[in-house]
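Participant: Can you make the complete structure from the sequences, with help from the hints?
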Amino acid sequence: MDKIAYVSPLNPVKSGISDYSEELIPALSRHYDIEIYIPNDFKPTNQSLANYGTFRKFHELPARYATYKTVLYHMGNNYEAHHDIYDLLVKFPGIVVLHDFSLHHFFAQKTLEMGDQQAYLNEMLYCHGMEGLEAAEKFLKGKSTPPWETQSLKYPLNLRVLDHAAAVIVHSKFAKEKIEEQAPFVPVFEVPMPVRHIIEHDQADEMKKQARRALGLKDDEIVISTLGYVNPTKRVDKILAALGQLKKEKKIPSFKFVIVGQISEDYPVHAYIKKNGLQDDVICTGFVSLEQFETYIAASDFCINLRYPTQGESSASLLRILGYGKPVIVTDVGSFSDFELDYVIKIPYDNEEIKQLMKAIDQFAKRSLTASEFIMHYVRINHSLERVASDYKRTIDTVLADNRSNVMIVVNNYLEKLAKRTMVLQSSEIFDIYVERTAANIANTFLNFK
Amino acid sequence: MPFKWYPAEQLVASMVGWRNADLTESNGEKIDLVIGTKFPSYGIRHPNKIVWLIHQFRQVYDLFGTPYSEYSHLPEHLAIKEMVHRFDNKSLTEARRIFTNASNTMKRLKYYNSISAEVLYHPPQLAGHYYCDEFDNYILSVGRLDRLKRTDKIIRAFAKLKQSDLKLLIAGKGPERENLESLAKELNVQDRIIFMGYVEDKELLKLYANCLAVYYAPFDEDYGYVTLEAFLSGKPVITLSDAGGVLEFVQHEKNGFVAESEEQIAESIEKLLADKSMAKEMGSQGYVMVKDISWDHVISRLTETIR
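Note that the protein sequences, when read in sequence, are chains A and B. Under my numbering, residues 35 to 484 are what the first sequence spells out, in order. Under my numbering, residues 971 to 1277 are what the second sequence spells out, in order.
Treat the hints loosely; a few may be bogus.
Covered stretches of chain A, going by a simulated chain B footprint (3 or more residues, C-beta under 8 Å) [as the list claims (entries may be wrong)]: (1) 443–451; (2) 466–480.
Pairs of lysine-lysine residues, derived as BS3-like cross-links and limited to a Cα-Cα distance of at most 27 Å, are as follows [claimed, not checked]: (3) B:Lys1155 x B:Lys1241; (4) A:Lys454 x B:Lys974; (5) B:Lys1080 x A:Lys484; (6) A:Lys290 x A:Lys243; (7) A:Lys451 x B:Lys974; (8) A:Lys393 x A:Lys309.
Worth flagging that the hints you see were computed from the coordinates, not collected in a lab. Quantities reported herein were computed from a predicted structural model and do not represent experimental measurements. Yeah, the Cβ is synthetic: ideal placement off N, Cα and C, and Gly gets one too.
Facilitator: In structure tokens, the structure reads:
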């Protein structure tokens, strides 16, 4: 079996990517001899991973790099979980699994939170040219909101990662298309997220009954849930407004809306509940274990999984919901737009949002829904762990067959050295002509991807 | 411009350097025609560019993944491979005509880059001076001593010979010399093998003129002057069946031997030694095959676009 290095956050680092890797490694170990890289002073919670690979420390990677068929890096937007991984992936290129299309939060933490404004400006210039630099300057002068809050997809700050990756794996068609447009030199592949529990259709009714009993929810009420860490991007205020209006217009029978997950301190959800007169209809669970999380899904008639703005990420919650075959209302944005399924209703995030939400809730509430066999079938085919592992295998094999490689890995090194060497010539006419000609020739010789 | 392929940035610098060079005019004089030959010189840009392809950067083509290439599956290496392919595809298709120095070069260009070309053979450097004299008791091996030239094979074949008074003269220098000398000692044939190092032209002509046969079996060679030099000296050539361009000329048992193994190389030598008139006849056949390859023809084809 080919040997690969696997570099990812693992528990106890709190990240969806830790859970993801701990599910994936055992499945992938059927195809590869895996060495799992961890920080130098780190003890993984899940010691059973040792059955599927050999643990190695980060400092061992440089010496062992050339012995691997490839290094699989898992990169996300959380600085704490990924800063070491980022440092390795730019030095020792491998295949980067980009869990978040936008890394703006990561770089904001890496630069601004460390008090280094210049590094932030440099990164915006590197990734997004003069336009990016101007947007950053505007923000630093206090003339605009932080770019990562509203313009994260416009300024994803991911170019340095793309420049240094042998290939990139993303989880959605949306992210794949964005990268192909932005960095056509890097080979990019879509490998879907795995769904841990895909239940059988004939179990759904019984599971729903049991779950409701366990959670103290009535059988004859409509149960609607929204799941995952609750912050303004989950648009719970909009859901509450829609439910409040439906209740006022008596267009919805008796229901419970369950907000499953910890609520962000700066998001006054309870005030919204009160404002919409829903005190008797809403349950806030606070943080729950993964097991309880899934019990709430099982108990629901349908779920609402909104997200805006988005970092281009795929939603693990959404996939868990689909694994239970539950109908779901999502925001028509980013990777969420990829789903072309009955029982997945997509709504806009503009001023039509509440109106469309009401319509969708009404539609689902009127039907006596259990679970969609069609959704379960779709998820089983596209998101089972076996399917995901074999997609990884196929992708890695394709990259290694060198059908296409990322030339920027070498071009960048050349340009950096050239820049250092030609520094002394700066602002002379000869230098300008030389740089212009070199840039044009590099572009038309090596970077023409039409 | 000297060509250096290491480190990777230097290889890029070489390619970019040729792309950047402006040869449309020099000293106010228009330059009518530019002929590119080896990688990366054919990257030069000119409205009337002709390529007469001698070498691509084989380490990222047919030699990739073999011990003869220093490039592997590492992302940086794959990136270099892709860059060279892109460079070749772009700069070769800009040319108004593409010739190659050998059929092997042409086939490779077609296979790896889907680019068609026409073969244009040229005579070796000392054409007009080669001659045939005696068929003495030595085999001549000519060429740079690197692994690709496979000089080790003839040394191993020598160790298998029954005849003991035959000598092997190895003309040329290179990084493999020490290894080859050790090999000769190891096989106990060091007394019959003479490493001559660099040999002056006149001396080389004489060595060709008086040898029994010439051994020349590089791995998948593009063209290989040595074959032509041997034939122009009226000598048969012993080669291997994967020697590439050499096989465009050497025909088994007609003007030389195409061996499959070291044993067969040894057998071929035994045959020639036992029957020197056969060596003479084969050498004559070789001569007839290459005698008309001339510079006049080459130049006439290369300059067609300005006439």
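Participant: If a hint holds in the structure, say so; if it does not, say that too.
Facilitator: Here's how the hints hold up against the structure:
Figure legend: the region 443–451 of chain A, annotated as covered by chain B; annotation consistent (6 residues with Cβ-Cβ distances under 8 Å, at least 3 required). Interface restraint, the region 466–480 of chain A with chain B: holds (8 residues with C-beta to C-beta distance below 8 Å; minimum three). Of the supplied pair hints, the one linking Lys1155 (chain B) and Lys1241 (chain B) holds, its CA atoms being roughly 25 Å apart against a limit of 27 Å. Restraint check for Lys454 (chain A) and Lys974 (chain B): satisfied, since their Cα atoms lie roughly 20 Å apart, inside the 27 Å limit.
Among the hinted pairs, Lys1080 (chain B) with Lys484 (chain A) is consistent with the structure: their alpha-carbon atoms are about 22 Å apart, no more than 27 Å. Of the supplied pair hints, the one linking Lys290 (chain A) and Lys243 (chain A) holds, its CA atoms being roughly 15 Å apart against a limit of 27 Å. Restraint check for Lys451 (chain A) and Lys974 (chain B): the C-alpha separation of about 16 Å stays at or below 27 Å, so the hint holds. With a C-alpha separation of about 21 Å, the suggested pairing of Lys393 (chain A) with Lys309 (chain A) holds against the 27 Å cut-off.
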